[in-house]
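We have chain X already, so just place chain G with the ligands on it with the hints.
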Amino acid sequence: MATLRTDRWWLQPVVTASILTAFVVYSTWAAFQNANYYVGAAAHRDLISPFYSPCLAGDCVPGAGHGFAISAWTLSPALIILIFPLGFRLTCYYYRRSYYRAFWWSPPACSVADAHGSYSGESRFPLFFQNAHRYFWYFGLVLNVILTYDAIRAFHQPGIGWGVTVGTIVLTVNAALLWGYSLGCHAGRHICGGSVKSFHQSPLRYKIWKFLTPFNVKHMNFAWTSLIFVAFTDIYVRLVASGAITDYRLF
Amino acid sequence: MSQVTMRVWRGDANGGDFQEFALERQEGEVVLDVIHRIQATEAPDLACRWNCKAGKCGSCAAEINGKPRLMCMTRMDQLPEGPVTVTPMRTFPIIRDLVTDVSFNFAMAERVPALLPPPMPEDGYRMYQEDVERGQEFRKCIECFMCQDVCHVIRDHEENKQHYAGPRFFIRYAELEMHPLDTNDRRDYVREEMGLGYCNITKCCTEVCPEHIKITDNAIIPMKERVVDAHYDPVAWLGRKIRRRTKRTASEASVQPQP
Ligand code: SF4
Ligand code: SF4
Ligand code: FES
Ligand code: FES
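So the sequences go chain by chain: X and G. The first sequence begins at 1 in my numbering and counts up one residue at a time. The second sequence begins at 1 in my numbering and counts up one residue at a time.
Any given hint could be a false lead.
[Stated by the list, open to error] Derived BS3-like pairs (lysine-lysine); straight-line CA-CA distance at most 27 Å: (1) G:K140 to X:K197; (2) G:K53 to G:K161; (3) X:K218 to G:K140; (4) X:K207 to X:K218; (5) X:K210 to G:K214; (6) G:K214 to X:K197; (7) G:K214 to G:K241; (8) G:K53 to G:K214; (9) X:K197 to G:K241; (10) X:K197 to X:K210; (11) G:K53 to G:K140; (12) X:K218 to G:K214; (13) G:K53 to X:K207; (14) X:K207 to X:K197; (15) G:K140 to X:K210; (16) X:K197 to X:K218; (17) G:K214 to G:K140; (18) X:K207 to G:K56; (19) G:K214 to G:K56; (20) G:K161 to G:K214.
Derived by calculation from the structure, the hints in this document are not laboratory data.
Just chain X, with the same shape it has in the complex:
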C-alpha cells in the first residue's frame, strides 16, 4: 500500500511539475529565437531580456552588447549564459526538494511511498554534483549585478532622456526578485556566516548571517516569484521588440 493519506497529497507535486515544465518549455523556445530580445534606440528604449543578458555573441543586435563579445559564436546568445541560471536553479536546495518530489517521486509527498526500489540519495554519482551549488551562487551574483545594471540603464531612454516606462519597472522588479532569491541561498548563508563555530568570535559574519536569514526563510517564495517573473520579463521585452505592444512611458 503506497499511502494511507486521504487528503489531496498529489496536488502539490502536480502543480510543481506543471509550472516547472511550462517554464522549461517556454525558456527553451525563447532561448532559440535569437530575435526580439532587445528594444533599442530606434524605439527610444534600452530594454534587454534577462535571458539574453549579457549579450556575448558576435552578432548581438546593435546596442544590446555589453562591451565584450565572442565573435566566433553565431548561435543564439542566450545559449551561452542560460547555463548559469539553469545550473544555479537546478542545484538550488529548494528546487531540489521540489523536483525530487514532483518528477522523481522520491518521495512524491510525505509518507507516500518512494517510487524506487533502491535509493542512495545524493551520496553517489551523479547527484553528488549538487555539491557544486555554491559555485553557481557566485555566478548568480555576477549575473544579478549585470541585470541590475541593465535595469538602471533602461531608465535612460535614447533620444528622450531619463524617465520611467513600464519596461523599466519590469526590469527593476525582475532584478530585485533575483536579488531576493540569491540572498536567501543556503550555500551563501553558510559561506557568509553559517560556517563559523562561534558567532561571538566572528561578529561581522554573524551580522551578515542575521541579515541573510529572513531571505533564507522566504527562499521558496522568492524561488517561485523570481522564476515566473523572469519569464514574464522576457515575454514583455519580446512583445515590445516585435511591435505587438508599445512600452508605455509614465513620466
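For chain G with the ligands alone, coordinates are given in the frame of chain X:
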C-alpha cells in the same frame, strides 16, 4: 452528537489488520482520548504509549490518516469527515498494536561523537548569548521520532538503517558542530558512516516536527554545506593544503571522549 468510525491497526510482529470501532463523538476530544475510550470499553487490551497528554513527552506518536502525528495533539474535530485511521509508526518494528520498537534511534544516538571541549581555562568555560541561542532550536526536540518515521530514506528502504542517522540525529550533529566549545570534527563521519548524503532535502521531517524545528533548513543543509567544505569543494581543499591544516578522519572523529 454524531458518530465516528475509528479504524485502528491491531496486531504484532507476525502481522495484523484494521479493527473498526464506532463511537459517539464527544466535544473537545483528541485522538488519544478516543483511543483511551476504546480501551475503557470495547478493547481493554489495545496497546498504545502515552505519558504527558500535552505534546511534550513524544510518546504517543502514531500515524493518523496516514500522517505521523502526536495522538494527544490531534483534535478530532480538525480531522476531515469519514473514518479515522490510526496506525503505528511504519518505519519501526511493531511490538503490539500502536506500540513500536524505536531502539534504532537509541542506537544511532549512541553513535553520535560526543562534545569534545578544549582543556578548561583557568577562569572556566565561557559561552556567549548568540552562540547559546543558535542551538536553542535544536534542544526543543522531544524525541517523538516522527521525523525518523516519515523519512523515506529508511521508511521505504529498510537496508539504509545500517548507515543512516536520520533527521533527529542530524540536528544533534548540527548542534554539536555549531557549539563554540567543541573541537571534534564530525564532517567525514557524518558523510561516510551516517549517510548525510542520503537525505535529499525533501523536507518531510520538517513538515511533521511537532516542535516546528526547521530540521532541513537549519540543521541538515548547514551540515551538508560543512561536508562540502571538508570534502567536495576544491578551493577549500587547496586552502587546507596550503595552510597545512589536517582534518580528522571519520574514525578519529567517532572516538568518544573519556569522561
Ligand atoms: S529532508 Fe532528508 S532527513 Fe528530512 S525527511 Fe527528507 S530525506 Fe529525510
Ligand atoms: S526533531 Fe521534531 S520530529 Fe524529530 S524527534 Fe525531535 S521533536 Fe520529534
Ligand atoms: S539554495 Fe536556493 S539558490 Fe542556493
Ligand atoms: S502523550 Fe506526551 S506527547 Fe502525546
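These are the hints, each one checked on the structure:
About 20 Å separates the Cα atoms of G:K140 and X:K197, which keeps this hinted pair within 27 Å; it holds. Distance restraint check for G:K53 and G:K161: the Cα-Cα separation of roughly 30 Å exceeds the 27 Å cut-off, and the hinted pair is therefore not satisfied. With a C-alpha separation of about 23 Å, the suggested pairing of X:K218 with G:K140 holds against the 27 Å cut-off. Proposed proximity of X:K207 and X:K218 is supported: the alpha carbons are some 18 Å apart, at most 27 Å.
Distance restraint check for X:K210 and G:K214: the Cα-Cα separation of roughly 16 Å lies within the 27 Å cut-off, and the hinted pair is therefore satisfied. This hinted pair checks out: G:K214 and X:K197 have alpha carbons roughly 19 Å apart, not beyond 27 Å. Simply put, G:K214 and G:K241 have alpha-carbon atoms about 35 Å apart, too far for the 27 Å limit, and the pair is violated. Of the supplied pair hints, the one linking G:K53 and G:K214 holds, its CA atoms being roughly 24 Å apart against a limit of 27 Å.
Restraint check: the Cα-Cα separation between X:K197 and G:K241 comes to about 21 Å, which is no more than 27 Å; the hinted pair holds. For the proposed pair X:K197 and X:K210, the alpha carbon gap of about 15 Å is at most 27 Å, so the pair holds. Pair hint G:K53 plus G:K140 holds up; C-alpha atoms about 17 Å apart against a cutoff of 27 Å. Proximity of X:K218 to G:K214 is assessed by CA-CA distance (about 13 Å); at most 27 Å being required, the pair is judged to hold.
The straight-line distance between the Cα atoms of G:K53 and X:K207 is roughly 40 Å, outside the 27 Å bound, and the hint therefore fails. Distance restraint check for X:K207 and X:K197: the Cα-Cα separation of roughly 15 Å lies within the 27 Å cut-off, and the hinted pair is therefore satisfied. For the proposed pair G:K140 and X:K210, the alpha carbon gap of about 21 Å is at most 27 Å, so the pair holds. At roughly 25 Å between alpha-carbon atoms, X:K197 and X:K218 fall within 27 Å of each other, so this suggested pair holds.
Of the pairs offered as hints, the one joining G:K214 and G:K140 holds, with about 11 Å between alpha carbons and a cut-off of 27 Å not exceeded. Between X:K207 and G:K56 the CA atoms are separated by roughly 34 Å; this puts the pair beyond 27 Å, and the hint is violated. For the suggested pair G:K214 and G:K56, the alpha carbons sit about 18 Å apart, so the restraint of at most 27 Å is met. Distance check on the hinted pair: G:K161 and G:K214 sit about 23 Å apart at the alpha-carbon level, within 27 Å; holds.
Hint compliance for this structure: hints 2, 7, 13, 18 are not met, and every other hint is.
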